[in-house]
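Student: One-letter residues, chain by chain:
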Amino acid sequence: MQEPALTHPGEVILRPRFGVRLSPVHLLTGGAVLLLTYLTLVPLLFLLYGSLTSTRDPVTFTFANYVRAYTDAGSFRLLANSMVYAVGAAAISFVTGTLLAWMSERTNTPLRGLFFSLSLIPLIIPGVLFTVAWIFLLSPKIGLINVFLMWLFGLEHPPFTSYSLYAMMWVDGLHYSPLAFLLMSAAFRSMDPSLEESALMSGAGLRQTFSRITLRLAAPAMASAFFILFVRALETFEVPALLGLPAGIQVFTSKIWLATRRYPPDFGLAGAYASSLLLLTSIGVYFYSRLTRETQRFATVTGKGFRPRVIDLGRWRYLTAAFLLLYLCLIVLLPLFVLLWNSLLPFYMPPSIEALSSLTLSNYPVAFKFPQTVRAIRNSIVLALSSAAIVMLLTSVVAWIVVKSRIRGRWLLDNLATLPVVFPGLVMGVALMLVYLTLPVPIYGTLWILLIAYVTRFLPYGMRACSASLVQIHRELEEAAQVSGASPGAQFRRIVLPLLTPALLAGGLYVVIVSIRELGSSVLLWGPGAEVFSVILFDLWQTGLVQEVSALGILLTVFLFVLATTFHWVSHRYGVRR
Amino acid sequence: MVRIEGLVKRFPAERGEVRAVNGISFTAPAGKFFTLLGPSGCGKTTTLRCIAGLERPEEGEVWLGDVLVSSVGRRVFTPPNRRAMGMVFQSYAIWPHMNVFGNVAFPLQVGDRLSRRAIASRVQDVLHLVQLDGLEDRPATKLSGGQQQRLALARALIRGPQVLLLDEPLSNLDAKLREQMRVELKMLQREMGITTIYVTHDQVEALALSDIVAVMHEGHILQIGTPREIYERPANPFVAGFIGMANTLSGRVVTASDASGEVQTPCGSLQCALPAGMRAGDEVLVCLRPEHIDVADVPPGGSNVWEGKVEQAMFLGDTIDGHISVSGQRLRVKIHPSRTLQVDSRVYLVISPERCVVIPH
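Residue numbers (numbering that gives the first Met the number 0), protein chains in the order written: chain A, 0 to 577; chain B, 0 to 360.
These aren't lab readings, by the way, just hints derived from the structure by calculation. Heads up, some of the hints might be wrong.
Short, incomplete list of chain B residues facing chain A, as computed with Cβ under 10 Å [claimed, not checked]:
1) Gly-22
2) Arg-81
3) Gly-85
4) Ala-92
5) Ser-114
6) Ile-118
All residues carry an ideal CB built from backbone N, CA and C; glycine is no exception.
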């Protein structure tokens, strides 16, 4: 055999027969594992450690925190409240969302096209504002709905109250119903109509087809949607804090909050509650992901364009249209109207001719008089932009390794990057407090700790955007570049990156929006000078500066609406091609 | 020339691993059209990807001309971007974010340092070659299937590679276009005289295009030869069954002299040409191509005549496809459409001895 001749020297890659080949990809993977471990696993360990040790010196291993948490007289009530609240809110979201999805995807209800985009508005309104708006509507003293009904029927007592378990379920359920709507629309849309048609051709009636085919096929998607809504409701802090606490109704998130508000703050107790909540959300996420896999198994047709069977409702379609309009009133028009109304009043008044004459814009400049407002706006923007940039940069590399490379153990990266899904905002807050009050890194109460919190919490969103997009980029597109003579760097720069850009932009904008809305972690981690917008709204409300909150809220909503429209435009402009 | 020596490639599977390519060797001579033919999962695409450098083999060597590009023993591995080959992928892998010009010019932009003008003129030449002139500014996603295929070919050819690798390039086209592209591809290859390695599961394609065909099955090469050899002298039952249609009958050699003998089959005895080394008593398979069986209405004289009953006759336009039952065995025949075949009628099958293919069993 002849000696190997080489076209150019240095083209040969030498590798030991045994042992590890160290390529740049390996180094990159190693770095990513370390960074993600630090971001996601370290807080989790500190949380568990903190909940299992005594807070005072000497640090000893103890179950005392859990004992204190669960021997409290109210502990059964706490668990019951949390579960009832989360199940109730999830049920309200689920039922409304599913009905709406069915109406807009599978029936000929008028206005359904318009409805789709309008119904998503609540998803961009921060929870604080939505909750505050519903206090304006349902509060026993000033609630617009109560005032109106009392006037209409001559009632002596307000029919509703905003401070009850039912109101909490209602407000939170309503706020997240668009999420259920989105999930179920996707499920209804991906259903191959020929499956139902072949049932009809086999002699099954409409009702049998619905119960034996449609419902069965949608069942995994429905169950998984319910679980994610349940986890979401467990995680919410705004509603339990603003509606529950005044009525003495406590759930896990508000308990955690109260434990950190004590003097001195009881981090052990907060850690015990947070760990319990984490366990509940993990169980929920576990069932969610199992059911999602089931859903994918049921996804009989992938990406093929077909029109789902649309049912002609006849005259009933006006009823369903009326339902859509009523829903839009409840989730968009009424809350925004009541916020706008309050932002224009010098002090609270129900709508009347008299009130109209005293409308003023003065709340808007006043809101900006507080020095922390301006600082908070600046901080929020800086934090949102930098966390979006970091999240997308990090996840584009991690997702590439997970989706495209064949490195062993890449599943570990995937799991690390999606782990924060189970962290409610407050739990992440407690965990990071425990980390940075223990480690000699003095960033507690600064923007840095907030940045770490946001980046960690929103990693999964970046992962989802990047991996969904990378999966669509056929492996052969990169290989074609490789065979064409492009180096690995040139492949990434000229092929992968341009094709990934829409996902990076869309994912980044989404992270910007959720960062600005974020309250759960921020409310525990902010400090003087490091205020953020949502925390300022929360604080101003607690202080009773109702009109200013409304004014700032309207401005924030407009700003987020512009961002979300851009997001929508970007993902449509660049996402759908290909 | 491309030479493969003892190539092995394994993939991790759910339990243990799968040997996708299990020790194969062949040489594709310079300027020839060499085809790897086999059913899906036989390892043909993996072999091609090892030649391209997209997979690292576990064992074996790959030579391009007299350059060793991949050898496990000598620890040589040239990455694909330095192998100077052109490749057309099954999906075409047309970059959707570039126009036609961008796609074709890419290999020149990332590799050799050429002036803009030189690149433009090369692109024009190669687009002319594949008949895509004037479409330079068209977005790549706005091309038809056939045009995308030509574009992929142009991109593979633009650097003037030594070797052209084609991974089922015609499988995504509809039947008519596929036939047309087949003719064009063959003409282009002959004109350019470029060594071509072609992967397909379509035996008609393989027979039509190739100078040499290698039939692969479960990671092994079963037979290498010209299309005619492969078709007329299959070396084993799999090749006989995979290429074209064949009636296979198990049998036993009764008498054997130098190159011919008599084989006893369930349908009757048969005078056959025998491969060297056959002896009386050997178990064999006899392959009879449907078009090599003659059908007569009255018994002709001579040997190799079997009597049978027509069970089914289908008029296919250019042929009649007949199912004839002979002693309980069902044989397919293919006869000229001008003849008629009456269902349930008696017929006589005539098989010429040199058309029988006998394979050791």
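Student: Work down the list of hints and note, for each, if the structure agrees.
Tutor: For each hint, the structure was consulted:
1. Gly-22: 17 Å, violated
2. Arg-81: With Cβ-Cβ at 5 Å, under 10 Å, it holds.
3. Gly-85: At 7 Å from the nearest chain A Cβ, Gly-85 of chain B passes the 10 Å test, so the hint holds.
4. Ala-92: With a closest approach of 4 Å, the Ala-92 of chain B hint holds.
5. Ser-114: Where the cut-off is 10 Å and the nearest Cβ of chain A is about 17 Å from Ser-114 of chain B, the hint is violated.
6. Ile-118: 13 Å, violated
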